[in-house]
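All chains should be built: construct the whole structure from the sequences, respecting the hints.
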Amino acid sequence: MRAERRFNVSGVGLFAALLLLWEIYSRAAGIQDYLPPPSAALKALVEPSVARALLGHLAGTLGRFAGGYFLAAALAVGAGVVLGYSRFAYSVSEVIIELLRPMPSVAIIPVAILCLGIGDAMMIAVTVYAAAWPILLNTIDGVRNLDRTLIDTGRTFGLGRLKILWQVALPAAAPYIATGLRVSLPIALILVTTSEMVAGADGLGYFILDEERSLRPANMYAGIVVVALLGYALNRLFLLVEARALAWKRGLQTRGEA
Amino acid sequence: MKTSKINGVLALAAVLAAWETIARAGLVNPLLFPAMSRILGSFAALLASGEIPGQVARSMERAAAGYFLAAAVCIPLGVAMGLSGRVSRALEVVVETLRPIPPPVVIPVAMLFLGIGDWMKIFVIFFSCAWPILLNTIDGVRNIDRLLVDTARTFGLARGKTILKVVLPAAAPQIMTGLRISLSITLILVVISEMIGSTDGIGYFILNAQRRLKVDQMYAGMIALALLGYFLNQAFLVISKRLLHGR
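Those protein sequences? They're chains A and B, same order as listed. Quick note on numbering: this note's numbering labels position 37 of the first sequence as 169, and the sequence is numbered without any gaps. Quick note on numbering: this note's numbering labels position 221 of the second sequence as 1584, and the sequence is numbered without any gaps.
Rather than coming from a laboratory, the hints here were simulated on the basis of the structure. It cannot be assumed that every hint is accurate.
Here chain B is said to cover these stretches of chain A; the calculated rule only asks that three of the stretch's residues, wherever they fall, bring their Cβ under 8 Å from a Cβ of chain B [stated by the list, open to error]:
(1) 145 to 154
(2) 213 to 226
(3) 251 to 259
(4) 273 to 279
(5) 335 to 344
(6) 351 to 360
These stretches of chain B come out as covered by chain A in the derived footprint (C-beta under 8 Å, 3 or more residues) [said to hold, decoys possible]:
(7) 1374 to 1386
(8) 1453 to 1463
(9) 1466 to 1477
(10) 1553 to 1559
Note that beta-carbon positions come from the ideal geometry of N, C-alpha and C, so glycine has one too.
See below:
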């Protein structure tokens, strides 16, 4: 990591050179059915009909992503605080957690199709399932590792059990929870696009696979550019929100260390 | 330790028994949730007939090829990017552009170029495994104590030897972290790519069983997948412990 933010000449240069090479090769070799030049993908991206379609699919993907991600966060943080706080609750659910965890989360898609049919409910359910794991495990860890003095202090001041969970355990575990949320972000996007590919009727995953099958590779690449931008923007947004939300914590820690 | 293991076995038995009773009592649709005994029965039958071992073997071939290819490319690349500011600056933009692409989205591109054969899956696994290995190697190499490298130089070690004997061992724990993250990603991507474009493999088997409404076989396939994930992870832990202790 470099402190100064100079313009990265060699980096941008290499990127541009690769794009140029691609453009020339694709035009010269006459394989535009497979590998359209990047300019064709860009042209597709700004063409009104494609752009309008992409915007619609983007809205669908974003909606399912948000639904799945936030639902996963709410459920997993809630369950994680309880499981991290109560040994009993953890020992009861440990086996289920340990059984399900090693299974690649996408294997749940067929079960979800069976139970919920094809549609938004199934895609959101799958996303919730996959995105919940990192959040749950990190929340459990965070609550377990919190300073017992904090809880004892809370108890001394006469806080009830619920209030201790909500006002002491949850904020103290916040950095761990943030880590879980960050890990889950790309996972949620992976699951949304995958389920759109396997059983979707709209959304960017569906669009990209459909354009490939219809042999319109320029549109397919345009779709990939949009997904990449979406992934990038979501990550940036997350870091921004995280820095805001945890600012108080950082101040507290530096004061403690000083 | 021992009591917790006994507790675990008891709890597992309780879960299985609960599933069995609920399914037998007809509280849930038997089409969606067949009795556990039926699922385990069909798991045993598929195991004995060689169906599941065969499908798992196909998946594992692809997974291993993509995974080791990613390691073989990304560890040297990560070392180069970690050691040389010039190399890392040159590649930075390309890496940062490709990295936010969700890996399943690469499947259609791979299908266009490589069809729906093994190479398509290997490429997709390679693409998704590459990032954790690359970024962890870069980080591991960058965080090495400069004193180590300088000492090696003082003792007149050549550049190649310094990398092999000093840099790689010092960065090994973090490289292992990258390899471990990639292991679970490999399994996810092999299943996804087999669901979207394949005619065999455990991912295809599970989705196909669902489509043919052989629900007990679908669950049997999921059990196989969970066991596979568990054993791969355990094997990785054993191997990495050996490797990191041996240095």
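Comparing the hints with the structure gives:
1. 145 to 154: holds (count 4)
2. 213 to 226: holds (count 3)
3. 251 to 259: Contact hint for the region 251 to 259 of chain A vs chain B: violated, 0 residues under 8 Å.
4. 273 to 279: Result for this restraint: violated, n = 0.
5. 335 to 344: holds (count 6)
6. 351 to 360: Per the Cβ count (6), the hint holds.
7. 1374 to 1386: Satisfied; 3 residues make the cut.
8. 1453 to 1463: holds (count 8)
9. 1466 to 1477: As far as the region 1466 to 1477 of chain B goes, the hint holds, because 10 residues have Cβ atoms under 8 Å from chain A.
10. 1553 to 1559: Coverage by chain A holds for the region 1553 to 1559 of chain B (4 residues, Cβ < 8 Å).
The structure is inconsistent with the numbered hints 3, 4, although it conforms to all the rest.
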